[in-house]
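A.B. asks: Going line by line, the protein sequences match chains A and G. Residues in the first sequence are numbered from 11 upward in steps of one, following this note's numbering. Residues in the second sequence are numbered from 2 upward in steps of one, following this note's numbering.
The hints are simulated quantities; they were obtained by calculation from the structure and are not laboratory data. Computed from a predicted model, the values in this text were never measured in an experiment. One or more hints might be untrue.
[To be verified] Heads up, simulated DSBU-like pairs for lysine-lysine below, C-alpha to C-alpha not over 35 Å straight-line:
hint: 1; chain 1: A; residue 1: Lys209; chain 2: A; residue 2: Lys119
hint: 2; chain 1: G; residue 1: Lys290; chain 2: G; residue 2: Lys226
hint: 3; chain 1: G; residue 1: Lys105; chain 2: A; residue 2: Lys160
hint: 4; chain 1: A; residue 1: Lys209; chain 2: G; residue 2: Lys109
hint: 5; chain 1: A; residue 1: Lys119; chain 2: G; residue 2: Lys294
hint: 6; chain 1: A; residue 1: Lys267; chain 2: G; residue 2: Lys226
hint: 7; chain 1: G; residue 1: Lys109; chain 2: A; residue 2: Lys177
hint: 8; chain 1: G; residue 1: Lys290; chain 2: A; residue 2: Lys225
hint: 9; chain 1: A; residue 1: Lys291; chain 2: A; residue 2: Lys409
hint: 10; chain 1: A; residue 1: Lys244; chain 2: A; residue 2: Lys209
hint: 11; chain 1: G; residue 1: Lys225; chain 2: A; residue 2: Lys267
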Amino acid sequence: MELLEYQAKSLFTQIGIPILPSESIKNSRELKQLQIPYPVVLKSQVRAGGRGRAGGVRFVDNTIDAIAAAQAIFNLPIMGEYPQVILAEARYNTEREFFLAVVLDYELKQPVLLGSVRGGIDVEALLENMKMVVVDTEFSPFYARHLAVKMGLSGQLIHSVSTIIEKMYHLFREKDLDIIEINPLGVGADGKLMALDGKISVNDSALFRHEDILKLASPFFSDTNLLSLENVAKDGEVGIITNSKDLALTTWDLIAKGKKKVSLCLVVGETSSGEMLPPSKLNQQLQMALEQALTLPELKVLLINILANAETIKTVAEAIANYLQPPIKPTAQGGEDRMERLTGTLSRKERKSLSSSKKSEKKQVKPIQLVIRLVGADIEEFKQLLVTTPVYWTENLEKAIDKVLSGSKK
Amino acid sequence: MNWTGQVVIQGITEAIAEHAAALMGVYGTNIVAGISPGCGGQKIQDIPVFDLVEEAVSQLGKIQTSLIFVKPYQVLDAALEAIAADIPQIIITVGGVPPLDMVKLLRKAQATNTLILGPGSAGIIIPEKVLLGKFEPQFFTPGKVGIISYSDILTYEIALELNQAGLGESIVISLGNNGIIASNFGEWLPILTADESTQAIILIGQTNGNYDESAREYLATEVKKPVIVFIPGLDLPEARIKGDAATIIANQLSYSLPTNKTVKDLLIAFEKVNVLVSDRLSSIPNLIKKLVKN
Numbered sequence: 011m012e013l014l015e016y017q018a019k020s021l022f023t024q025i026g027i028p029i030l031p032s033e034s035i036k037n038s039r040e041l042k043q044l045q046i047p048y049p050v051v052l053k054s055q056v057r058a059g060g061r062g063r064a065g066g067v068r069f070v071d072n073t074i075d076a077i078a079a080a081q082a083i084f085n086l087p088i089m090g091e092y093p094q095v096i097l098a099e100a101r102y103n104t105e106r107e108f109f110l111a112v113v114l115d116y117e118l119k120q121p122v123l124l125g126s127v128r129g130g131i132d133v134e135a136l137l138e139n140m141k142m143v144v145v146d147t148e149f150s151p152f153y154a155r156h157l158a159v160k161m162g163l164s165g166q167l168i169h170s171v172s173t174i175i176e177k178m179y180h181l182f183r184e185k186d187l188d189i190i191e192i193n194p195l196g197v198g199a200d201g202k203l204m205a206l207d208g209k210i211s212v213n214d215s216a217l218f219r220h221e222d223i224l225k226l227a228s229p230f231f232s233d234t235n236l237l238s239l240e241n242v243a244k245d246g247e248v249g250i251i252t253n254s255k256d257l258a259l260t261t262w263d264l265i266a267k268g269k270k271k272v273s274l275c276l277v278v279g280e281t282s283s284g285e286m287l288p289p290s291k292l293n294q295q296l297q298m299a300l301e302q303a304l305t306l307p308e309l310k311v312l313l314i315n316i317l318a319n320a321e322t323i324k325t326v327a328e329a330i331a332n333y334l335q336p337p338i339k340p341t342a343q344g345g346e347d348r349m350e351r352l353t354g355t356l357s358r359k360e361r362k363s364l365s366s367s368k369k370s371e372k373k374q375v376k377p378i379q380l381v382i383r384l385v386g387a388d389i390e391e392f393k394q395l396l397v398t399t400p401v402y403w404t405e406n407l408e409k410a411i412d413k414v415l416s417g418s419k420k
Numbered sequence: 002m003n004w005t006g007q008v009v010i011q012g013i014t015e016a017i018a019e020h021a022a023a024l025m026g027v028y029g030t031n032i033v034a035g036i037s038p039g040c041g042g043q044k045i046q047d048i049p050v051f052d053l054v055e056e057a058v059s060q061l062g063k064i065q066t067s068l069i070f071v072k073p074y075q076v077l078d079a080a081l082e083a084i085a086a087d088i089p090q091i092i093i094t095v096g097g098v099p100p101l102d103m104v105k106l107l108r109k110a111q112a113t114n115t116l117i118l119g120p121g122s123a124g125i126i127i128p129e130k131v132l133l134g135k136f137e138p139q140f141f142t143p144g145k146v147g148i149i150s151y152s153d154i155l156t157y158e159i160a161l162e163l164n165q166a167g168l169g170e171s172i173v174i175s176l177g178n179n180g181i182i183a184s185n186f187g188e189w190l191p192i193l194t195a196d197e198s199t200q201a202i203i204l205i206g207q208t209n210g211n212y213d214e215s216a217r218e219y220l221a222t223e224v225k226k227p228v229i230v231f232i233p234g235l236d237l238p239e240a241r242i243k244g245d246a247a248t249i250i251a252n253q254l255s256y257s258l259p260t261n262k263t264v265k266d267l268l269i270a271f272e273k274v275n276v277l278v279s280d281r282l283s284s285i286p287n288l289i290k291k292l293v294k295n
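Full structure from sequences and hints, please.
C.D. replies: What follows is the structure, given as C-alpha cells:
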C-alpha cells in the first residue's frame, strides 16, 4: 500500500528526518487559518506520478490566490484520482537536490540502498547517477556511509546524508516497507538537508501487523476483497470468473489470442497474496462476481473457470446452480421479465438489477451465453438443476475457450 | 533432498493442515508429529501433537522435514524453531509471509545449509510415491515429465494435459508464489536433471515474479533434457516484472520510462539457452512428445 506524501512525511517526522513546515488541508476554506507564512506551495495528494506536469502543484503568495488554487486542485483528477487532501508547505531554496531510497530487491532477495546526486524530476539524469549498496547482512551504519561515498559526497555531507539513509533503513525494516524514497532531498546553502518530497510503500502482506499504518488505509482495504484484474476493455464481450490470478491471466490470454476483448476478469477465492480462501468465502465472492458480470450490458459470454479440490468444486457447483436457477415464482416485476425468462437465458439477479435501472429498462437485453468449466469433482447432480438454463458445460479448457470465442460472435 | 525421513507438521491444528495431513496419510507419508503450542499431548488423525519442535525431536529422533502451516506472521518463528532443532528441510505452505521476514530467514538458512521451499509452496509430489505438502494428488498420475512451478493451479492444469496425453508426471515441485521465495528454478533443476524417470522438464513461471539468473546458466550448460517454459498472461498489459531494485525505482519514478526488463526479454533469454517457450498449455504435451522422441 502506497502512502500519500503527507502520510509519508508524518512518518519522516516521527523518525527525525527533517521536513518543511506543512499542513494538510481537507477543504479550501481551511487555508484562511494557515499557520505557515506565504509564499507556500500547494500539492495535490494523489498516488499517481507526474502531478506537477498535470497541474497538481501550485505556488501561491497570499490567501486569496491559495483558495482559488486549492479549489482548482481539488477539482483536478490526476490519472482518474481526485485528491481528498492538499498539502500546503513552505517553500525552500535548494543548492542541490539528491535522491535517496531503500528498496527490497526481489532478485537479490536483499534490501538495497540507492542514491543519486541528481535528484528531482530529471529521471534520466537521476538514473544515470544512481549508486547502489546491497545490505547483505545485518544492517550497520557503514552501509549508509558506503553509499554516500559512492555517490561522490565528501566532508560533512557524508555524515549528514548517511544519517538520513540510516533512519530510512530503520523505518524500512520496522514498518515492512517495499520502498522508502526521498526525492528530492534538498541541500541548502548551509548544507542543511530537507526531505522535500517522499514516497513510502508498505508491503501489503505485512500491513496487518502495523496498526498505525493500517489506520491510514482506506476503510475498505482488505486482502480478501474480490480481486478484479485491470486493463479490461469496456466494450469487451467476454467476462471471466476464475479462482486464481494465474488461471485468470492464462484464460484471458487465450481469449485475447482468439481476438476477443475481455470486459471483466474477476478472481474469486484467492487473496491478493495468492492464498486460497475457504469455500464459504469463495462462494460469497462468486455471488458478488456473478452479480457484477450479469449487469454488464455489452457482455455476450460469461466464462466461469474454476479448478479446485472435490470439496470446493461441489460447493461452487451448488452455489452456481442455486444462483442461476430460474425462480419458482415469477417476481412481480412485469411482463418483460416473464418474456425474458421464457428465453431461459438470464438470471433473476440480472433482471432485478436491469429493471431497477431506468436506463436499461427499454434496452433489448441480449441473452448471455454461459460457459462453465468446473474441474475437480463430479458435478452431474448440479447440472441437472440447470437443465432449463442454456449452459455450455465442459471440463476441457480449450473447448471452453472455443465456445467463448464462437459464442461472442454477433 | 531426502524424501523418506520423518516429517513433522508445524501448525497441525490449522484447517488446511488437517486436510493435507489426511491426504498425506493415504499416501503413506511418514508424519511422526504435529506441533501446536498449547495442544501438546493431543492427537490429530492419530498424529501425536507436541508443544515444541524440540520435544518431538527428543522423543522421536531425527526429523528430516518440517511442513509449516502456521499463520503467515508466525512463519519466521516456526521456521527458526525448526532450524534450531536441526531439521534440514522446510516446506512453507502458507503464503503472505512478509518479505522482510523471509530475508531474515534466508540469511539464517544459508548459514545452517537448510533447504527451504516456499512461502506459499504446495510442496512436492512424486505420483503414487511421495507426497509432502498440500498438493491434491487426484490431479496427478505417474509418468515421465518433471514440473517446477510458481503456480499451483497451472500445475494442475498442465498435469491434466499431460495425463490426457499419456505422459504423466515424474516429480512435481511447487516453489511458492509472491514476495521473496526461498528457492527457485536454479535450486531444483539439478534434482530433475539427475532424476532418471524425468525425461522432460516443464517450468511454470509467474508474470510479475522474479527469475533467477543462475537457472539460465545451468540450463545452458548442464541440462540435456528438453525444457519447456510457460508463463501466464504474456500478452496482457497486467504482465509486469517486479524484479530488481533499479527496475523498481525506474518504474516508480516515471510511467513513460521504458522498464529495463520486460517479459519478452525474459523469453528471449530463455530461448537463448535452448528452452522452448510455450504460450499455450494444451500444446505442451505434443511439444514434449516430439522432443523426447528425437
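A.B. asks: CA of Lys105 of chain G to CA of Lys160 of chain A, is that 35 Å or under?
C.D. replies: holds, 26 Å
A.B. asks: Within a Cα-Cα threshold of 35 Å, do Lys290 of chain G and Lys225 of chain A meet the stated pairing?
C.D. replies: violated, 56 Å
A.B. asks: CA of Lys244 of chain A to CA of Lys209 of chain A, is that 35 Å or under?
C.D. replies: holds, 32 Å
A.B. asks: Taking 35 Å as the top limit, are the C-alpha atoms of Lys267 of chain A and Lys226 of chain G close enough?
C.D. replies: holds, 30 Å
A.B. asks: Sort out whether Lys409 of chain A lies within 35 Å of Lys291 of chain A, counting only the CA atoms.
C.D. replies: Holds, because 29 Å separates the two Cα atoms, which is no more than 35 Å.
A.B. asks: Given the hint that Lys109 of chain G pairs with Lys177 of chain A, test it: the Cα-Cα distance must not exceed 35 Å.
C.D. replies: Within the cut-off at roughly 25 Å; holds.
A.B. asks: Does the alpha-carbon distance linking Lys290 of chain G and Lys226 of chain G stay inside the 35 Å limit?
C.D. replies: Roughly 12 Å separates the two Cα atoms, so the pair holds.
A.B. asks: Would the hint linking Lys209 of chain A and Lys119 of chain A be met if the CA-CA limit is 35 Å?
C.D. replies: Status holds; Cα separation ~21 Å.
A.B. asks: Can you confirm whether the C-alpha distance between Lys119 of chain A and Lys294 of chain G stays at or below 35 Å?
C.D. replies: Distance ~39 Å between Lys119 of chain A and Lys294 of chain G Cα, so the pair is violated.
A.B. asks: Straight-line Cα separation of Lys225 of chain G and Lys267 of chain A no greater than 35 Å?
C.D. replies: Holds. Lys225 of chain G to Lys267 of chain A sits at ~32 Å (cutoff 35 Å).
A.B. asks: For the pair we were handed, Lys209 of chain A and Lys109 of chain G, check the Cα-Cα distance against 35 Å.
C.D. replies: holds, 31 Å
Comparing the model with each earlier hint shows violations of hints 5 and 8; every other hint is respected.
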